[in-house]
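**Q** Next come the chains, spelled out residue by residue.
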Amino acid sequence: MMDFGFSISPSSTLNLDKVDLTLYDRLCDIEPDAKKCMACGSCTATCTSGPWTGMSVRRVILGIQRGKEKEAAGMLKGCMLCGKCTMVCPRGINTRHLILSLCRIYEEEGK
Amino acid sequence: MKDNIVIIGGGIAGMEAAHQLLLLGYKPILVEKSDHLGGHVADWHKLFPDMSPAKDAVRDLAEKIKEANIFLETEVSFINRLKNGYNVMFTNGVNVICKAILLATGFELFEASKKEEYGYGIYNQVMTNSDLERWFNTRKDKRLDGKDIRKVGFVHCVGSRDIKAGNPQCSKVCCITAIKQAMEVKEFFPDAEVYCFYMDLRLFGKKYEDFYIKAQMESGVHFIRGRVSEVSENINGQVIVKTEDTLSGKPAKITLDLLVLMSGIVCNQQAVKTASMVQVQTDSDGFLKSKDNILNIIETGSKGVFLAGTATGPKTVPETVAEARAAALAIHNYLVSLQ
Amino acid sequence: MIYKGKQKIWSDYQKDIPDDHWFYVRSCIRQSFFPASEKYFLKICRDLLGKDVYETEHHTTCGGIAYHSDTIPQETAMTIVARQFALMKEAGYKNLVTSCITSFGNYTEIIETWREFPELEAKIRENLWKACRREFDIPEYVAHASDLIFKFRDEIGSMAKYHLVDGITGEPLRVVEHIGCHYSKMFPHKGFGGAEYPCVLSGMIDSWGGQVIDYPERRHCCGFGFRQYLVKANRGYSVSNTHKKFESMEPYHPDMIITNCPGCPYFLDRWQYVISEMEGKTYGQNGYGIPVFTYEEVAGLVLGFDPWDLGLQIHQVAVEPLLEKIGIPYNPKTKYLGLDGKEIMKPGLPTVLKCC
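Here the protein sequences come in this chain order: X, E and B. All residue numbers in the first sequence are consecutive under this note's numbering, ending with 111. All residue numbers in the second sequence are consecutive under this note's numbering, ending with 339. All residue numbers in the third sequence are consecutive under this note's numbering, ending with 356.
Any given hint could be a false lead.
Stated by the list, open to error - Part of the chain X face toward chain B, derived, beta carbon under 8 Å:
(1) Met2
(2) Ser7
(3) Ser11
(4) Met38
Claimed, not checked - Think about it this way: if two alpha-carbon atoms lie no more than 27 Å apart in a straight line, the pair counts; the simulated BS3-like pairs of lysine-lysine are:
(5) E:Lys164 with E:Lys83
(6) E:Lys242 with X:Lys18
(7) B:Lys123 with B:Lys161
(8) X:Lys36 with E:Lys83
(9) E:Lys250 with X:Lys36
(10) B:Lys232 with B:Lys244
(11) E:Lys33 with E:Lys114
(12) E:Lys242 with B:Lys8
(13) E:Lys172 with X:Lys36
(14) E:Lys291 with E:Lys83
(15) B:Lys232 with B:Lys281
(16) E:Lys291 with E:Lys172
(17) E:Lys186 with X:Lys18
(18) E:Lys253 with X:Lys18
(19) E:Lys114 with B:Lys8
Calculated directly from the structure, the hints in this document are not laboratory data. For every residue, glycine included, the Cβ atom is placed at its ideal position computed from N, Cα and C.
Sequences are here, hints too, so could you generate the full structure?
**A** So this is what it looks like as structure tokens:
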């Protein structure tokens, strides 16, 4: 093949038709309040490890909803389980339970 | 002999004002250009937040105003200012001399075909919120009948908050209507995935936030923050919607079986003409101008002319009814002050 | 698809184009990419339709490429355009017709800018006087050459020897139309049909018997943005855009693509070769690719001119399968014989894309 000096760039468009929601559905079976998240960002703002590890419960939930499971798993590693996010969540989501449930699902699936 | 009061507009504002005026002993004249009372509410299915049937609300109001002088399929052809009142001429030939006029002329829905990029009237599976509400009532629409509806999308802010559409204002009630309709669609098509494409969710009213939570928890509605930029059709007749998922910062696209456009509320253009006959202007947002926007919304700059309902701006049903009652009392007090 | 809805929108975006007496300005690159297009535009307008289309040998580029690549400031581009207008005034014409779509966009944008900022117009008048002692008038009307062919499409259709139909079955050909971005995306009211559903090419296709395909990425740019392809490292963006369009139109199995811009047919044509080398995928039937034409070439084909006189041998994607489908006769032996029957060299053949 000829070397043109450039190649077809991959598209960054999220194709919502092709998103696999099995992980999200499993999470919602264990922690139904995950559906309540309104992406307000209080959890991210208060996160103890957030500024240094990029951990954000909002982005974890969004990542699971968009099929970006590896990214979400990477962020979860930074969580210190301090519980500040649970304290501030205005929708009353038990975020600590959500994080631990998600970690357990990842372990069970070998991710 | 009580003075004549003319109420222009037979929607719920006009009907509630007529009801209150009847209780106060007057016999108001209610004129409505269509062939039925109830205005837009008469075409709707269920009213938020209680989800009570709209038909019942209109029917109850109509019962209460049986004693009033109701002219259907009639319009105002001319209004003359007299020394102590107004001479109103109707298209049915009747002439009335009255001391007070209530403009309850209501609103118009934004014409969704003006937003060409959404393809309303061009692509088969695109409909508006009023088309969907009509389907809830009649269950007859070729976009839904006999179709396998698996994915539905709701586009918020069509013709609202949009300077290119000529309407930079928020139409207030479309967000809660979108959520209500999303939940109702999910009841009719339980296996469907429903998506709401919003810029902001304006859920200001009583129990509206509960609706949001219920939509997320029970109906599983997906909320995607991002405005829809263009709609196109694929070879199967499904619509492809392009938007940005602003929360993840990436453009997104999705294929849907049905797209519902939440058309906004704009001022009734015929009303503007009628209002100008009594020197009531339009405000900067296109709606009729009140004396001020805080304590005197139902009064106008013209003596004896009052406003109620969505003629001054988008409103919910309880707000419209409250204004109608206030207007009726204000008219009564005004007429008493003249004696 | 509700066709009446589109017709309603088209009726909102109509243009009243003058009938005759046009001043023609050529494109910088079209004569290399599509050699006979401009010649046949003039031939159709002058000989077949009897119109007065004048061009002067003194006219230059409009500066659009340089302006859009950020190599000259806007005022320089405006002064170049002002000189074009001065030449037009000297020749005694009031209507400008451009060959290139970027030119069309450039002229329209400059005239609109002068309308809103008259002090800028005064400055450019001064610039032009200082530079070459010329004075100009703003043209009464600026149109694109495809607008004129659109206006006379029915006349051309009535003189046509062939139509855009399958010669054997009589079924209309499936035609994809691609409008250059600068035609109506900048000023929707300056284009027939507006920005969302332009009808300048679909009108021609309908008059000449074809069937227009509306596919999801119809509005998408082909990727010929000057900044995108002038620098080699950025050409990946260009080819990705074209790739997106082809992936989107593939399920509809189009027979041909018609465009009205210099760059678009060039890219839609040549990138099919690049994509075939990179991914091993071709989009037409039997591995040939989808032939891409300019509207003048299509007008010439339906009027019965010889395909090789129309410059179709320069195209990357083979046009022979389509010519055979319509039933237009062609002589394969004279393909690479230029004017006066001189042998012009044969190109090398690609490895994946089938060419004749």
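**Q** Each hint should be assessed against the structure and marked as holding or not.
**A** Results of checking the hints against the structure:
With a cut of 8 Å, the hint placing X:Met2 at the interface with chain B holds, because the nearest CB-to-CB distance is about 6 Å. Interface restraint check: X:Ser7 against chain B, minimum CB-CB distance 5 Å, threshold 8 Å, status holds. Checking X:Ser11 against chain B: minimum C-beta separation of about 7 Å stays under 8 Å; hint holds. Interface restraint check for X:Met38: the shortest CB-CB distance to chain B comes to about 32 Å, outside 8 Å, so the restraint is violated.
A distance of roughly 44 Å separates the Cα atoms of E:Lys164 and E:Lys83; the hinted pair therefore is violated under the 27 Å criterion. Note on E:Lys242 and X:Lys18: the hinted pairing holds, with a Cα-Cα distance of about 15 Å set against a maximum of 27 Å. For a cut-off of 27 Å, the pair hint linking B:Lys123 to B:Lys161 is broken: about 52 Å separates their Cα positions. Under the criterion of a C-alpha separation no larger than 27 Å, the hint pairing X:Lys36 with E:Lys83 is inconsistent with the structure, at around 62 Å.
Between E:Lys250 and X:Lys36, the direct Cα distance comes to roughly 22 Å. Compliance with the 27 Å bound is thereby established for this hinted pair. Proximity of B:Lys232 to B:Lys244 is assessed by CA-CA distance (about 20 Å); at most 27 Å being required, the pair is judged to hold. Of the pairs offered as hints, the one joining E:Lys33 and E:Lys114 holds, with about 25 Å between alpha carbons and a cut-off of 27 Å not exceeded. Distance check on the hinted pair: E:Lys242 and B:Lys8 sit about 24 Å apart at the alpha-carbon level, within 27 Å; holds.
For the proposed pair E:Lys172 and X:Lys36, the alpha carbon gap of about 23 Å is at most 27 Å, so the pair holds. As the CA atoms of E:Lys291 and E:Lys83 are separated by approximately 21 Å, the hinted pair is consistent with the 27 Å bound. For the proposed pair B:Lys232 and B:Lys281, the alpha carbon gap of about 23 Å is at most 27 Å, so the pair holds. For the suggested pair E:Lys291 and E:Lys172, the alpha carbons sit about 22 Å apart, so the restraint of at most 27 Å is met.
A C-alpha spacing of about 21 Å is found between E:Lys186 and X:Lys18, which places the hinted pair at or below 27 Å, so the restraint holds. With a CA separation close to 10 Å, the supplied pair E:Lys253 and X:Lys18 stays within the 27 Å bound. Restraint check: the Cα-Cα separation between E:Lys114 and B:Lys8 comes to about 11 Å, which is no more than 27 Å; the hinted pair holds.
When the structure is compared with the earlier hints, violations turn up for hints 4, 5, 7, 8 and for no others.
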